[in-house]
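Here the structure of chain H is known, so what remains is to put chain P in place on it, guided by the hints.
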Amino acid sequence: MSTNNTPTDMAGSAIDDEVSSAPGLFRRMMRQKQARIGAVLTGIVLLVALVGPLLLPWATGFTSTSFSGRPFQPDGIFGTDNLGRDILSRFLDGGLRLLAYAALATALGMVVGVVIGMAAAYSRPWLDNLIMRSNDVLLALPQLVFALLAITVLGPKGWVLVTVIGITHAPRVARVTRSATASVITEDFVRASEMYAVPKWKILLKDVLPNITGPLMVELGLRMTYSIGFVAALSFLGLGMQPPTADWGLMINENRIALTVQPWGVILPVVAIAILTVGTNLLTDSLARASANLNAGE
Amino acid sequence: MILKLVSRRLLVSVLILLVVSIMVFVATLLLPGDPAQAVLGQQATPERLEALREQMNLNDPVVMRYLSWLGGLFTGNFGYSAATAGPVSALIGERITASLVLMGIAAVISIPVGIIVGTYSALRRGRFADHVATTTSLVLAAMPEFVIGIVMITLFSTTVFKILPSVTLAPPGEPVWNYPLQLVLPALTLVLVVTPYIVRMMRATMIEVLDSGFVEMARLKGVPERTVILRHAVPHALGPVAQVVAIQLAWMAGGVVVIEFLFRYPGIGQALVDAVSNRDVQVVQAISMLIAAAYIVVNLLADIVGIATNPKLRTESAR
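Chains as they are written, first to last, in the numbering used here: chain H, 1 to 298; chain P, 1 to 319.
The following block holds chain H by itself, in its conformation from the complex:
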């Protein structure tokens, strides 16, 4: 899971021309088989994560933190975990927080990055330079190291995770936004708005933003995939979600010592995370193809 290159591969996509509007973008995306597979995979995991917590304790008889027996026993459908809690209950309850944190971090990174990127592209050269050079400094620290540094100082709290992941995404989003914006602001319709003395922020919001949704959507998908992996990885390291919270990343950490005896405590969350990230990546990849084809027509 590298952060610096997009999982896009423009070659080999052959889709005929169509109207270049946002709905067209989605229609083109969903016409690809891999997008439909991605949607199904993502949907399955989303369903488990969203509906799972509602089923407890009705479906399994336990809440995610109540003790159902002795550790690592084959009781129930998937057995018990390292402290004797029901694995299925913890699994059903463990996805929502991961998704919520990842979504919040992605949203924060996107908003901050888009604002910074658009501002940089549409301001005076010295300000643009200043913004992009500070961007380079943030990019010079590996995301994980930055996060670990913040966690050392501020402790493994929820808002720290969301903020720190959002902040590490922002410069990467800003770079994409800036280059997309730079190609739009030279267009005639922006010049026209400038002549009517429309305020700059209004131009950016009404004229520029709708025209860069393609690359931004691709970036959104990419950042979401990374955020999921990132939050899960931090929890797995024991530095994200803290016990006794039920969380997929944390479950893997707690139960991996007994992988030979009682593999379900590890396999269920691992499979869920794998399906989810593969699903979102398939969606992003086909979105990128659809978007590239749209822009190629211009």
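Hints listed in this document are in silico derivations from the structure and should not be mistaken for laboratory results. Careful, some of the hints might be misleading.
[Stated by the list, open to error] Partial selection, computed: residues in chain H whose CB lies under 10 Å from chain P: (1) A107; (2) I151; (3) G158; (4) T260; (5) V278; (6) L282.
[Claimed, not checked] Which bits of chain P does chain H cover? Going by a derived footprint, with three or more residues having C-beta under 8 Å, they are: (7) 9 to 22; (8) 101 to 113; (9) 145 to 152; (10) 222 to 229; (11) 253 to 259.
If you're wondering where the values come from, they're calculated on a predicted model, not measured in any experiment. Cβ coordinates follow ideal geometry from the N, Cα and C atoms, glycine included.
Same frame as chain H, now just chain P:
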């Protein structure tokens, strides 16, 4: 021209490294409590505390402390660990080698494999082998590194086949390469994480190159297909791929953290996670700086490769 660009890029890297070091240093100042107390614990006598404070330069102004910390990084004095109550350099010395060994093995395997698979996939574009390669790399690229690692452990170490050790259990002080079997799974995981990006980039550039005029020309001249690919196409595709390779190597400096933790591999990544759990600030600082420095240097190399392989700049310098 090339020289000018390279030296400017070098200067920028040094500046960035300096700013990063300030950020890493300021992180400690935000932490509540007395670092000397953290090292010696609650039962320490005031005299010993005072002595250690003097030794750690805690009585100096912040700017002086920053400068002496920065100077220490160059002379190998990385500060004191609160957890082991010893110098940080003793803690991470051997671990740096261990991490470098792991990353070296991964790089040596993944670069040629990535290039070969990518080329093959491009040559068989649209065929079955290409689909397999593209799908596999898409799936592998999506999954977080620890997920791939766990899958490897389940497959080769615990549940399906029990042929490889899942954790590194070398006695301290003994080099990791004395136990080659224990290196297999961590290295394999790292390879599986890094290779897909190289494959994808190689495939995309190869397809572009194979469609270009000079390849068609070579074919029309009757040059054997083997020579067309090895002499004309592949060298042209390597430029952009070199950049991706460098980015992947830089990523490894940070990504190795999770993989080392997963396999209990005695490298700096594992030390970093332990230090963060113990809030052992000076260790975190030292390792963060090391990783950041490695990251910046490799990125610098990537840019230099990019500049050096850019034919436009080359012709300009020849003029």
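Claimed coverage, the stretch 253 to 259 of chain P by chain H - three or more beta carbons nearer than 8 Å: holds (count 5)
Hint validity - H:G158 Cβ closer than 10 Å to any chain P Cβ: With a minimum Cβ separation of about 17 Å from chain P (threshold 10 Å), the hint on H:G158 is violated.
When the least beta-carbon distance from H:T260 to chain P is tested against 10 Å, hint result: holds, 5 Å
Within 8 Å of chain H (C-beta), three or more residues of the stretch 145 to 152 of chain P: Contact hint for the stretch 145 to 152 of chain P vs chain H: holds, 5 residues under 8 Å.
Chain P contact restraint for H:I151 - C-beta distance below 10 Å: holds, 6 Å
8 Å C-beta test of the stretch 101 to 113 of chain P against chain H, three or more residues: violated (count 0)
Hint check, H:L282 versus chain P [nearest Cβ-Cβ separation less than 10 Å]: Since the shortest Cβ distance to chain P is 7 Å, the answer is holds.
Status of the H:A107 interface restraint (C-beta, 10 Å, chain P): violated, 20 Å
Cβ contact check, 8 Å cutoff: the stretch 222 to 229 of chain P against chain H, three residues minimum: Contact hint for the stretch 222 to 229 of chain P vs chain H: violated, 0 residues under 8 Å.
Whether chain H covers the stretch 9 to 22 of chain P (at least 3 residues having a Cβ closer than 8 Å to its Cβ atoms): Satisfied; 5 residues make the cut.
When the least beta-carbon distance from H:V278 to chain P is tested against 10 Å, hint result: With a closest approach of 5 Å, the H:V278 hint holds.
Violated hints for the displayed structure, listed by number in ascending order: 1, 3, 8 and 10.
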